[in-house]
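Model the full structure from these sequences, guided by the hints.
There are 2 protein chains.
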Amino acid sequence: MSTDQNQRRPEARKPRGFPDRTAAIIATERRLVDSISAVYARWGFEALDTGPFEYVDVLGKFLPDTDRPNAGVFALQDDDEQWIALRYDHTAPLARYVAENWERIPKPFRRYSAGPVWRNEKPGPFRYREFIQCDADSVGVAGPGADAEMIAIAAEAMEAAGAAKGEYVIRVNSRQLLDGIMETAGVTDPAQRGTVLRALDKFDKFGVEGVKLLLGAGRKDDSGDFTKGAGLVANQTDTLLEFTTAGSVTRAETLRKLANSVGMTASGMQGVRDLSEIDSILNALGIGEESVSFDPQIVRGLEYYTGPVFEAEFLREFRDTDGNPMRFGSVGGGGRYDGLVARFRGEPAPATGFSVGVSRLAAAMAVSEGAQVDGPVLVLVLDKDKVGDYFAMANDLRRAGIRAEAYLGAAGMKAQMKYADRRGSPAVVIVGGNEREKGVVTIKDLNAGAAAAKGMTDNEAWRSGRPGQFECPRAEMVERIRAIVGQK
Amino acid sequence: MSTDQNQRRPEARKPRGFPDRTAAIIATERRLVDSISAVYARWGFEALDTGPFEYVDVLGKFLPDTDRPNAGVFALQDDDEQWIALRYDHTAPLARYVAENWERIPKPFRRYSAGPVWRNEKPGPFRYREFIQCDADSVGVAGPGADAEMIAIAAEAMEAAGAAKGEYVIRVNSRQLLDGIMETAGVTDPAQRGTVLRALDKFDKFGVEGVKLLLGAGRKDDSGDFTKGAGLVANQTDTLLEFTTAGSVTRAETLRKLANSVGMTASGMQGVRDLSEIDSILNALGIGEESVSFDPQIVRGLEYYTGPVFEAEFLREFRDTDGNPMRFGSVGGGGRYDGLVARFRGEPAPATGFSVGVSRLAAAMAVSEGAQVDGPVLVLVLDKDKVGDYFAMANDLRRAGIRAEAYLGAAGMKAQMKYADRRGSPAVVIVGGNEREKGVVTIKDLNAGAAAAKGMTDNEAWRSGRPGQFECPRAEMVERIRAIVGQK
Numbered sequence: 047m048s049t050d051q052n053q054r055r056p057e058a059r060k061p062r063g064f065p066d067r068t069a070a071i072i073a074t075e076r077r078l079v080d081s082i083s084a085v086y087a088r089w090g091f092e093a094l095d096t097g098p099f100e101y102v103d104v105l106g107k108f109l110p111d112t113d114r115p116n117a118g119v120f121a122l123q124d125d126d127e128q129w130i131a132l133r134y135d136h137t138a139p140l141a142r143y144v145a146e147n148w149e150r151i152p153k154p155f156r157r158y159s160a161g162p163v164w165r166n167e168k169p170g171p172f173r174y175r176e177f178i179q180c181d182a183d184s185v186g187v188a189g190p191g192a193d194a195e196m197i198a199i200a201a202e203a204m205e206a207a208g209a210a211k212g213e214y215v216i217r218v219n220s221r222q223l224l225d226g227i228m229e230t231a232g233v234t235d236p237a238q239r240g241t242v243l244r245a246l247d248k249f250d251k252f253g254v255e256g257v258k259l260l261l262g263a264g265r266k267d268d269s270g271d272f273t274k275g276a277g278l279v280a281n282q283t284d285t286l287l288e289f290t291t292a293g294s295v296t297r298a299e300t301l302r303k304l305a306n307s308v309g310m311t312a313s314g315m316q317g318v319r320d321l322s323e324i325d326s327i328l329n330a331l332g333i334g335e336e337s338v339s340f341d342p343q344i345v346r347g348l349e350y351y352t353g354p355v356f357e358a359e360f361l362r363e364f365r366d367t368d369g370n371p372m373r374f375g376s377v378g379g380g381g382r383y384d385g386l387v388a389r390f391r392g393e394p395a396p397a398t399g400f401s402v403g404v405s406r407l408a409a410a411m412a413v414s415e416g417a418q419v420d421g422p423v424l425v426l427v428l429d430k431d432k433v434g435d436y437f438a439m440a441n442d443l444r445r446a447g448i449r450a451e452a453y454l455g456a457a458g459m460k461a462q463m464k465y466a467d468r469r470g471s472p473a474v475v476i477v478g479g480n481e482r483e484k485g486v487v488t489i490k491d492l493n494a495g496a497a498a499a500k501g502m503t504d505n506e507a508w509r510s511g512r513p514g515q516f517e518c519p520r521a522e523m524v525e526r527i528r529a530i531v532g533q534k
Numbered sequence: 047m048s049t050d051q052n053q054r055r056p057e058a059r060k061p062r063g064f065p066d067r068t069a070a071i072i073a074t075e076r077r078l079v080d081s082i083s084a085v086y087a088r089w090g091f092e093a094l095d096t097g098p099f100e101y102v103d104v105l106g107k108f109l110p111d112t113d114r115p116n117a118g119v120f121a122l123q124d125d126d127e128q129w130i131a132l133r134y135d136h137t138a139p140l141a142r143y144v145a146e147n148w149e150r151i152p153k154p155f156r157r158y159s160a161g162p163v164w165r166n167e168k169p170g171p172f173r174y175r176e177f178i179q180c181d182a183d184s185v186g187v188a189g190p191g192a193d194a195e196m197i198a199i200a201a202e203a204m205e206a207a208g209a210a211k212g213e214y215v216i217r218v219n220s221r222q223l224l225d226g227i228m229e230t231a232g233v234t235d236p237a238q239r240g241t242v243l244r245a246l247d248k249f250d251k252f253g254v255e256g257v258k259l260l261l262g263a264g265r266k267d268d269s270g271d272f273t274k275g276a277g278l279v280a281n282q283t284d285t286l287l288e289f290t291t292a293g294s295v296t297r298a299e300t301l302r303k304l305a306n307s308v309g310m311t312a313s314g315m316q317g318v319r320d321l322s323e324i325d326s327i328l329n330a331l332g333i334g335e336e337s338v339s340f341d342p343q344i345v346r347g348l349e350y351y352t353g354p355v356f357e358a359e360f361l362r363e364f365r366d367t368d369g370n371p372m373r374f375g376s377v378g379g380g381g382r383y384d385g386l387v388a389r390f391r392g393e394p395a396p397a398t399g400f401s402v403g404v405s406r407l408a409a410a411m412a413v414s415e416g417a418q419v420d421g422p423v424l425v426l427v428l429d430k431d432k433v434g435d436y437f438a439m440a441n442d443l444r445r446a447g448i449r450a451e452a453y454l455g456a457a458g459m460k461a462q463m464k465y466a467d468r469r470g471s472p473a474v475v476i477v478g479g480n481e482r483e484k485g486v487v488t489i490k491d492l493n494a495g496a497a498a499a500k501g502m503t504d505n506e507a508w509r510s511g512r513p514g515q516f517e518c519p520r521a522e523m524v525e526r527i528r529a530i531v532g533q534k
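Protein sequences appear in the order of chains X and C. Numbering (our numbering) for the first sequence: 47 to 534. Numbering (our numbering) for the second sequence: 47 to 534.
Worth flagging that the hints you see were computed from the coordinates, not collected in a lab. Be aware that one or more of the hints could be misleading.
No copy is singled out in the list; a pair is fine if it fits within one copy or between any two copies.
The calculated DMTMM-like cross-link candidates involving lysine to aspartate or glutamate, where the alpha carbons are at most 20 Å apart (straight line), are [unchecked claim]:
#	residue 1	residue 2
1	K168	E335
2	K248	E127
3	K248	D366
4	K168	D125
5	K484	E205
6	K258	E146
7	K60	D103
8	K266	D247
9	K432	D284
10	K266	E57
Take a look at the structure:
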């Protein structure tokens with residue numbers, strides 16, 4: 047190969063933050079999308095797919111912590127010179143859809159959506175630039191009943207995804223409670239309020255002390271980078287922290303405490319009333335404290351929320367690669383966003399929704415459950431002029447619903463056995479001249495073989511020196527393989 | 047609303063070629079992806095998702111009919127200044143994946159992939175800029191056995207998707223046969239060969255006369271645009287057209303004719319031998335002429351094919367919006383591409399694959415079957431202070447697996463009934479003060495009501511003036527609704 051050709055050869059590499067995903071995680075994601083979508087459909091939501099691209103002005107700028115133009119999204123110019131971008135969530139495109147089709151959609155408008163969203167951010171562990179979200183939204187509904195429904199759906203979706211009671215919790219707060227407490231603390235400037243909310247969204251990341259710094263002068267991180275704070279004075283910070291630590295074991299008790307701390311302001315009172323109505327509907331549905339709690343620390347980063355907000359937290363503990371116990375934390379969330387459709391229409395169109403971060407939840411499930419996919423049964427191809435026969439055998443297995451393939455590479459028996467091992471095949475079927483003459487097949491049960499090799503069984507085959515291997519008539523092949531695949 | 051505010055309001059619109067897709071078509075696509083993926087998995091392929099973006103040099107330029115740089119793809123610069131683009135198919139990213147992971151993947155490497163691909167082309171009817179493809183590929187297999195397997199999988203995938211025998215056909219040809227006939231016709235210049243192949247790919251679009259023009263001086267279309275031809279002389283054109291019309295009813299007869307017309311050249315002989323072996327494997331699998339035929343007119347536009355190529359055609363007839371009979375034609379295809387992985391590695395890595403255009407096939411299925419989704423049962427909300435009760439009733443229905451929702455808008459009974467109608471609800475549940483006092487619910491079977499209104503039934507309810515409407519004890523609600531939903 048000449049140097050010239052080498053230089054022209056592209057390097058096989060891929061953009062950061064878009065990992066190649068293999069069978070086990072794909073299967074887990076697929077299962078989650080299917081089961082969560084089934085919950086949404088059962089609650090009366092209809093599927094809608096708005097497609098990957100929107101005009102940049104339609105998407106708006108609602109992502110947290112971005113201040114450059116087009117920051118956070120993948121944008122490009124279409125052939126008509128207009129800027130388009132890949133959606134960063136399912137909500138902004140929904141608002142566009144509702145505004146565009148307002149006259150011909152049923153109202154309330156209830157839709158669900160499952161598919162990838164894209165964020166042009168710095169990738170990290172479990173932090174990708176493409177991930178799947180599965181959302182349900184109600185547009186055209188003003189009362190807390192619709193929010194209560196979303197919260198109930200969130201709990202049901204977590205259980206459908208495989209989180210048992212006690213392995214998840216939906217934590218609920220209200221932007222109006224947060225407004226009320228900011229008013230009480232004398233934080234009135236809108237820009238300062240934004241900084242305060244971003245600070246209060248960091249309890250998970252930085253703890254109470256870190257949030258205190260961000261509410262005050264600012265915080266320096268381990269790398270020495272300084273984040274300017276909201277500039278509040280001590281008694282303002284105290285008021286806010288007292289509120290955000292008012293969470294209690296029961297929803298009723300938390301409500302009582304909150305009513306005390308923010309009851310004086312109009313928006314605080316509205317927030318308490320909304321949460322009370324949500325509580326009473328959850329009670330009617332039999333949804334208890336272990337599934338849904340009220341938590342004044344919940345903020346939600348996206349700027350378009352206007353009422354009740356909530357997060358779904360996956361509590362199951364797992365071990366990281368070093369064996370340390372870990373939790374995944376928030377795997378979804380939602381809330382009320384009454385202004386998003388009005389951006390287009392000018393008239394109010396109240397709305398509320400919930401989104402599951404399926405990729406994140408699937409990663410958590412796969413790590414904690416050790417997901418894997420069983421390989422296919424391999425029919426060895428030993429006589430090249432009998433390929434049709436080997437194909438027909440594999441076909442018989444597939445017709446019985448068993449994953450099976452005939453080996454198609456150019457390799458001998460030993461390499462074919464190694465291939466079966468690498469694929470995780472439960473069994474191989476071996477037919478040479480000898481078997482063909484006798485009308486039989488040789489079957490090797492690879493799991494039994496592996497178990498026997500570890501001294502875990504002591505059967506006849508093992509004593510014969512060929513653990514898990516036996517001969518049977520060709521006509522019994524499917525039945526015998528089914529027993530091996532089924533018994534696993 | 048001030049003029050200033052109006053001007054700042056974004057217009058709710060979306061980029062061309064990315065239609066919003068609603069429940070029925072999404073359900074059809076989902077069904078096809080699931081059933082075709084199940085076929086691939088059963089044949090021993092493993093799921094792999096390579097993500098949406100690849101580096102532009104990795105994707106290469108294999109799309110037909112594009113000659114501008116980056117033409118045909120959606121490309122943008124990543125934050126490290128490198129150009130990345132959304133994948134235009136699943137094959138180019140697979141080649142990158144295989145080259146990047148060569149040492150640690152089992153070989154042969156068998157993977158399937160289901161997901162969107164993006165083409166930056168002019169959109170048209172049934173021609174979108176995003177569509178779903180569902181692919182299977184074998185890498186590291188040289189013989190026609192692997193091609194025969196792909197063709198058998200193509201037939202099985204079409205049947206799994208819902209095409210009965212006779213409603214589809216897989217048409218097979220070979221690039222080496224085409225090379226052989228071009229050699230026979232004295233077409234040796236690589237650029238001219240490319241033009242000839244593009245011309246031969248247009249039988250569907252322009253018929254024999256149109257292809258003749260494209261092989262010769264060129265063709266002017268209805269709009270007056272002129273496409274320059276390959277510049278062949280009459281006897282060259284005749285040789286090519288004789289070959290491409292050599293298709294016959296049986297594979298054996300077609301093979302005989304082809305052996306006569308291209309048997310003299312080395313590549314033509316190789317093509318005939320490959321198709322013969324494919325024929326014998328298909329026969330061993332019991333796959334007959336009505337499912338798979340040999341057709342010298344098949345070319346496949348993508349430039350990376352090197353051996354057998356084939357197309358899956360959906361033959362079911364349907365009516366367009368004007369009532370004219372129509373067919374969708376090609377809904378998938380594939381073939382051998384031995385050079386694609388070698389682009390990266392320098393060493394040969396033979397490969398073959400098949401791709402179903404799921405979006406296209408789903409559109410065909412939806413049109414011919416009139417797909418629709420049943421709406422949810424609606425529990426009317428008549429007393430605002432009993433919302434919890436209405437929620438609990440809807441919950442009882444959902445627990446029985448029935449789609450159901452409590453009405454959440456701010457509207458009276460008449461508007462709620464209209465909403466149920468627009469949602470396609472099979473039934474509504476009505477509980478006012480009267481029902482609550484008696485411990486009953488009123489159920490209205492909307493389909494029975496609609497049928498009765500058309501004079502199609504004559505039951506007691508109809509004579510009472512309330513067709514399909516009846517009262518039952520609250521405890522019997524689920525059972526009665528189940529009968530209505532089930533009896534549809």
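Q.
I want to check one pair: K248 and E127. Are their C-alpha atoms no more than 20 Å apart within a copy, between two copies, both, or neither?
A. This pair counts as neither: shortest intra-copy Cα distance 39 Å, inter-copy 32 Å.
Q: Give the relationship of K168 and D125 under a CA distance limit of 20 Å: within one copy only, between copies only, both, or neither.
A: Between copies only: 10 Å across, 28 Å inside.
Q.
I want to check one pair: K266 and D247. Are their C-alpha atoms no more than 20 Å apart within a copy, between two copies, both, or neither?
A. Close inside one copy (17 Å), not across copies (64 Å); limit 20 Å.
Q | Alpha-carbon proximity context of K60 and D103, limit 20 Å | A | between (30 Å within a copy, 11 Å between copies)
Q: First find the shortest C-alpha distance between K168 and E335 inside one copy, then the shortest across copies, and answer within, between, both or neither for a cut-off of 20 Å.
A: neither (37 Å within a copy, 54 Å between copies)
Q | Same-copy or cross-copy closeness of K266 to E57 [CA-CA at most 20 Å] | A | Neither: 40 Å inside a copy, 42 Å across copies.
Q. Checking K432 and D284: alpha-carbon separation at most 20 Å within a copy, between copies, both or neither?
A. neither (82 Å within a copy, 40 Å between copies)
(Q) I want to check one pair: K258 and E146. Are their C-alpha atoms no more than 20 Å apart within a copy, between two copies, both, or neither? (A) Close neither inside one copy (44 Å) nor across copies (47 Å); limit 20 Å.
Q) Between K484 and E205, at a C-alpha cutoff of 20 Å, which is it: within one copy, between copies, both, or neither? A) neither (54 Å within a copy, 36 Å between copies)
Q | Same-copy or cross-copy closeness of K248 to D366 [CA-CA at most 20 Å] | A | For K248 and D366, the Cα distance exceeds 20 Å both inside one copy (23 Å) and across copies (57 Å).
The structure fails hints 1, 2, 3, 5, 6, 9 and 10 (numbered hints given earlier, in ascending order).
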